[in-house]
Amino acid sequence: MKHYDAIIIGAGHNGLTNGAYLAKAGLDVLVVEKNDYIGGAAVSREMTDGYWYSSCSYVCSMMRQVIHRDLNLTRHGLMLVPYLGTAAFGKQGETMLSYTAEGPAYNEIRRISQHDADAMSRLMADLERYSTLIRKTLLRTPPDPTSFKPRDIMELLFLAKTFWEMGEEQLYEYIRFFTMSAAEFLEDYFENDFIKAAMATPGIIGTALGIYSPGSAYILLHHVMGDVDGNIGAWGLARGGMGAISNALAGALQEHGGEIKTKAGVDQIMVKDSKVKGVVLENGDELTSDIVVSNLDAKRTFTKVMDQKDLPPGIYEKANNFKIRGSSGKVNIALSGVPKFTGVPDNRYINRGGQAFIGGLETLERAYDCWKRGEWSSDPFIESVIPSAWDPTVAPAGNHWMSNFIQYCPPKLADGPWTPEKRDAFGQTVIDKIERHAPGFKDLIVHMEVRTPHEIENEVGLTEGNIFQGELTIDQLLFNRPFPGYAQYRMPVKNMYMCGSSTHPGGGVSSACGANAAREILIDLKKPNTVPEDDCYDD
Amino acid sequence: MTTKPSMKAFTEQVTELPPGLSPVDNYAGERLMTSPFHERQAALNLRDSWEAWNGYKFANHYYDVEYEYICIRNLCGTYDITPMQKYLIEGPDAEAMLNRMVTRDVNKLKVGRVTYCCWCTDEGRMIDDGTIFKLDEGRYMLTSGSPSNAWLRMAAFGFENVTYVDKTDDIGALSFQGPMTCEVLKKMGFEGIDTLKPFGIMHFPFAGDTIMISRTGFTGDLGYELWITADKGLELWDALYEAGADYGIQPYGEAATSMARLEAGFILPYVEFAESLKTVHFKHDQTPFELGLGWLVDFKKPHFSGRAALLEEKKRGPGYVLTKIEIEGNKPAEESHLYRDKACRKEIGWVTSAMWSPVVKSNIALAMIQPKYLSGDIWAEISYKKEMKPRWKIAKCTVVDKPFYTPARAKATPPPKF
Ligand SMILES: Cc1cc2nc3c(=O)[nH]c(=O)nc-3n(C[C@H](O)[C@H](O)[C@H](O)COP(=O)(O)OP(=O)(O)OC[C@H]3O[C@@H](n4cnc5c(N)ncnc54)[C@H](O)[C@@H]3O)c2cc1C
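From first to last, the protein sequence lines are chains A and B.
According to the working numbering, the first sequence is numbered sequentially starting from 1.
According to the working numbering, the second sequence is numbered sequentially starting from 1.
Hints in this document: simulated from the structure, not taken from any laboratory.
Among these hints, one or two may not hold up.
Said to hold, decoys possible - Sample of chain A residues facing chain B (criterion: CB under 7 angstroms; computed from the structure): (1) His-68; (2) Gly-77; (3) Val-81; (4) Gly-85; (5) Asp-229; (6) Thr-303; (7) Thr-393; (8) Asp-535.
Said to hold, decoys possible - Under the rule of at most 20 angstroms between Cα atoms (straight-line distance), these lysine to any residue pairs were calculated in the SDA-like manner: (9) B/Lys-386 / A/Met-166; (10) B/Lys-393 / A/Asp-538; (11) B/Lys-385 / A/Asp-229; (12) B/Lys-402 / A/Gly-77; (13) B/Lys-386 / A/Ser-131; (14) B/Lys-389 / A/Gly-77; (15) B/Lys-315 / B/Pro-302; (16) B/Lys-186 / A/Thr-393.
Every residue, glycine too, gets a C-beta built ideally from N, C-alpha and C.
Could you build all of it, start to finish, from the sequences and the hints given here?
Written out as C-alpha cells, the structure reads:
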C-alpha cells in the first residue's frame with residue numbers, strides 16, 4: 001500500500017483546509033473520513049427530495065477570506081451570500097426587526113426604547129474594537145508564554161503590543177470581557193429586558209454557559225467578531241449550504257493532488273518509539289505516513305483513537321477533563337412555503353432573514369436551568385434562518401427549509417439515555433414555540449430532522465455534540481487551547497498534529513485552525529510557508 | 001400626513017399658493033422624464049436614491065447596493081435600461097453605413113444576433129461603445145450609452161438608402177441578469193428561451209404585442225435584455241415580478257451594475273473613457289487600443305472612421321493600456337496613482353475604477369498603465385479615510401489577464417438550473 005507524507009483524520013472543513021495547504025506545498029496527502037460524505041459539521045445533505053439541509057452549521061462569517069481567495073474557492077464553486085432582516089420575538093409576542101439601513105434600524109429600536117437606540121451605537125463601536133483585536137490572532141499560532149524561543153517571544157510581543165495599543169482603560173475593559181457574563185456586560189448599555197436578551201443570545205450559542213455565567217461575554221464576542229466582506233458582525237450563507245465550503249476546500253485539495261477516502265473511520269493512530277507511523281482503519285486496513293494530523297476534537301483524539309500507553313503521562317487525563325459539554329440541538333425543517341410571522345411585515349426583505357425566538361432574559365436563564373438538570377426546556381431559545389429564501393439551490397422553487405438552532409439541549413438526560421421518542425418530543429417543543437409566533441407554521445412542514453447532541457456526536461463525531469470541539473472559556477482559549485503547552489498544533493507524539501476546532505482559534509467555520517496547523521507542519525518540514533497572513537481591516 | 005391641516009390653514013391666509021401646492025407644476029422643467037417601469041420602480045425605491053441618465057430618472061439603488069449586487073450573482077434582478085439610446089437603422093445601405101461607422105465588421109453579423117462594438121472619430125478616438133442587433137436583412141438596432149443622433153447623421157452622409165430613427169422613448173427595456181433568469185423566463189412561458197445562445201435574439205408574443213429578448217447584458221453573468229413597446233412596460237414588469245417572486249427578483253440600480261461590470265472587466269463612459277466628441281483637451285479621450293478593445297478593430301475592412309489613425313496607433317502601440325489588476329489588502333484603490341517603485345518615484349499610470357469584490361474576495365481595479373511597465377513591479381498609492389482620519393498606504397498590484405469573475409453559466413446553453 002501507498003505510503004503518504006501526511007494522513008489527516010477527518011474531512012471536516014479544517015481537515016480539508018489543512019490537507020489543501022499541505023498538498024499545495026507538495027506533500028502527498030490523504031484525508032480519511034469515517035462518514036460517506038465530507039465536511040463534518042460544515043455539510044449540506046439532501047435529507048428529502050430537493051431540500052438540502054445544512055445539517056449542523058448554517059451561517060458563515062468567520063471564514064477567513066484570505067483563504068477563500070488564496071485557495072481559489074470561488075473557482076471551486078464557493079459563493080457567500082450575506083443575509084439581512086432578522087426578526088426577534090419577545091415573551092409577549094413583541095418583535096424587534098433588524099432593518100438594513102441605519103435610519104430604519106434606529107427608528108425600530110427607538111420604538112422600544114429611545115435610550116437603548118442611542119446606546120446601541122456605543123455597543124457596536126465597543127464590540128468592533130474588541131473584535132478587531134481577536135481577529136488579529138485568528139490566523140496566527142499562539143505563542144507559548146513559557147518558551148524562550150525567538151518566535152514565541154516575538155509573538156508574545158505582538159500580542160502585548162496589539163493589546164497595549166488599546167490604551168490602559170480599554171485594556172482593563174477587555175480583560176473583564178473574558179470573565180464577565182453576557183447579561184452583565186449588556187447591563188452597562190441597555191435598560192430594556194427584551195433588547196438585552198436579544199443582544200445577549202450570541203453569548204450562549206453553542207456553550208454550556210448561561211447568560212449570567214461568567215465567560216459568556218466572550219462567547220458573544222466570538223460570534224460577532226466575524227464579518228462578510230468587512231461588515232463586521234454580519235453573517236452570510238454559503239450558496240448551496242455550508243457543504244459548499246467543504247466541497248470547495250475538497251476541490252482545492254484535489255487540485256493540488258490530495259486524496260480523500262470516505263467510509264474510512266480511523267480506529268487507532270499507530271505509534272512506534274514515540275513517533276506516529278500512520279493509522280489503522282476500523283476495517284483493519286493499515287495506512288502508513290510520516291505525519292498524522294487529527295481533525296477530531298481533543299478528547300476524541302486522545303481517548304478514542306490513541307492508546308493511553310503511547311502518550312506521555314498526564315495527556316490522557318487532560319484530554320479526559322477537556323471541557324466539551326454539549327448544549328445545543330438542531331431542528332431542520334422542510335416547508336411548503338414561507339411562514340407568516342405575527343407582527344412581522346410580509347415583504348421580501350424582512351420576512352426572509354433570520355428569526356430569533358427569544359422571550360426575555362428570564363426565558364434564556366430558565367432554559368439553561370433545564371439543561372443543568374438534564375432536561376430540555378419547553379420554552380427554548382431558537383435561532384432560525386430560512387436559507388432557501390436567499391439560496392435558490394437548497395429547496396425546490398417556492399418551497400423552503402428552515403434551520404433552527406436550539407439552546408439548550410442536554411447531551412445526557414436526567415431520566416436515562418436519549419431515545420427516538422425523547423428526540424421527537426424535544427423537536428415538538430421547537431415547532432410548538434415557532435407555531436406560537438407563526439400560526440399555521442405546522443401545516444407547512446414537509447419533513448423534519450431533529451438533532452440532539454446525541455445525533456450530532458454519532459454523526460459528526462463531535463464529543464457530546466459540543467459545536468466548538470471544546471468550550472470557549474479562557475482556560476481553553478489561545479495558548480491554553482486545547483491544553484496549556486500544546487497550543488501550537490504539535491502534539492506530544494512526534495509528527496502528530498491537531499488541526500480541528502479544538503485548537504486555536506476554536507469553533508466555527510473559519511478554516512483558521514486547519515491553516516495554522518499546516519503552517520506549523522511546514523515549518524517543521526523546513527518548507528517555505530505557503531499559508532497566507534490574514535487580511536487586515538485595521539490599517 | 002399630519003402636516004396637512006396646518007398647511008391648509010396657511011393657504012387660507014395667503015392669497016397666493018406656496019409653490020409646492022400650486023396646481024401648476026412650476027418646476028416641471030426641472031423634473032426628469034420617467035421610464036415605462038417607473039411606477040413600480042418608484043414604489044420599490046425605498047431609499048429614494050435617484051440619478052439621471054439621458055434625461056431620465058434612474059435609480060442609483062433601491063434598497064441596498066451590496067444586496068442588489070448579490071442578487072445579480074445569486075438570484076436575479078432587473079436594471080432599467082430604457083434611458084440607453086436605441087436607434088432603428090434601416091434600408092439597403094444600413095449595413096454599409098454601420099460598417100463605415102463602427103470599427104468591427106458588421107458583415108459578419110447574422111440575423112438574430114447581437115454584437116458589441118465601438119465607433120471612433122477620424123483621429124481614432126473613441127466616441128462611444130454600444131451594441132448592434134441585426135433584426136433582419138437591412139434592419140438593425142443600435143444602442144449607445146449617450147445620444148448619438150448628430151453623429152449618426154454624419155455617419156449616414158453619402159448613403160442614399162438608409163434611415164435612422166431614435167426609438168429611445170418608444171421602447172421600454174429591462175436588463176434582467178443573474179443565475180435564475182432563465183428559470184424565470186421559462187416560467188413566464190417563453191418556450192425555448194433556454195436554447196438562446198449568448199448574443200442571440202428571440203421574439204415572443206406578449207400582451208398582444210411582441211417582446212424581443214436578447215441574451216446580452218453588462219454583468220458578465222447569465223442574463224437577458226427584454227425589449228418591449230413602452231406602453232406595455234408595466235404589463236411586462238408585473239408578469240416578470242410575478243414569475244420571479246420565488247427566485248428573489250429585485251430591481252437594481254447603477255451602483256450594483258457598476259460593481260458587477262467591474263468584476264466582468266467592462267468599461268464605463270466617464271469612468272474608463274471620455275467620449276471623444278465631448279472632450280475638451282486633446283488626448284484626454286482614448287483609442288480602442290488604450291481601452292483594451294483592440295479586438296473590436298477590424299483592419300480587414302477597407303474603410304471605416306478612424307482606420308488610418310488606428311492603424312498607426314496599432315503600429316506605434318498605445319501610450320497607456322487599460323489593465324485589470326488585483327491589489328493587496330482590502331482598501332479599494334479609488335483614484336490611486338500607480339508607480340513602478342515602492343518609493344513612488346516613477347509614476348506609470350492610474351486607477352480608473354476599484355472595489356472590493358465580494359464574490360472573489362479580492363481587491364480589484366481597472367487601471368491605465370504604460371505598457372512597458374506591465375511586466376515589472378506595480379505599486380498603488382491608496383488614500384482612504386478611517387473614521388475621518390485621512391490615511392494612505394502603498395500596496396502591491398498584480399496584473400490579471402482574465403476578467404475577475406467568469407461564471408461558466410454565463411456561456412452555457414442551456415444554462416444550468418442554478
Ligand atoms: C449544530 C451545529 C451548528 C453550528 N452552527 C455554526 C454556524 O452557524 N456557524 C459556524 O461558523 N459554526 C457553527 N458550528 C460550529 C462549526 O460547525 C464547527 O466548529 C466546525 O464545522 C468544526 O470543523 P472541524 O473541521 O474543526 O471539525 P469537524 O467538522 O468536527 O470535523 C471532524 C471530522 O472528523 C470525522 N471523524 C470523526 N471521527 C473520525 C474517525 N474516527 N475517523 C475518521 N474520521 C472521523 C467527522 O466525521 C468529521 O467529518 C455549528 C456546529 C454544530 C454542531
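Results for each hint:
no.: 1; hint: His-68; verdict: holds (5 angstroms)
no.: 2; hint: Gly-77; verdict: violated (10 angstroms)
no.: 3; hint: Val-81; verdict: holds (5 angstroms)
no.: 4; hint: Gly-85; verdict: violated (10 angstroms)
no.: 5; hint: Asp-229; verdict: holds (5 angstroms)
no.: 6; hint: Thr-303; verdict: violated (38 angstroms)
no.: 7; hint: Thr-393; verdict: holds (4 angstroms)
no.: 8; hint: Asp-535; verdict: holds (5 angstroms)
no.: 9; hint: B/Lys-386 / A/Met-166; verdict: holds (16 angstroms)
no.: 10; hint: B/Lys-393 / A/Asp-538; verdict: holds (12 angstroms)
no.: 11; hint: B/Lys-385 / A/Asp-229; verdict: holds (18 angstroms)
no.: 12; hint: B/Lys-402 / A/Gly-77; verdict: holds (18 angstroms)
no.: 13; hint: B/Lys-386 / A/Ser-131; verdict: holds (17 angstroms)
no.: 14; hint: B/Lys-389 / A/Gly-77; verdict: violated (38 angstroms)
no.: 15; hint: B/Lys-315 / B/Pro-302; verdict: holds (17 angstroms)
no.: 16; hint: B/Lys-186 / A/Thr-393; verdict: holds (17 angstroms)
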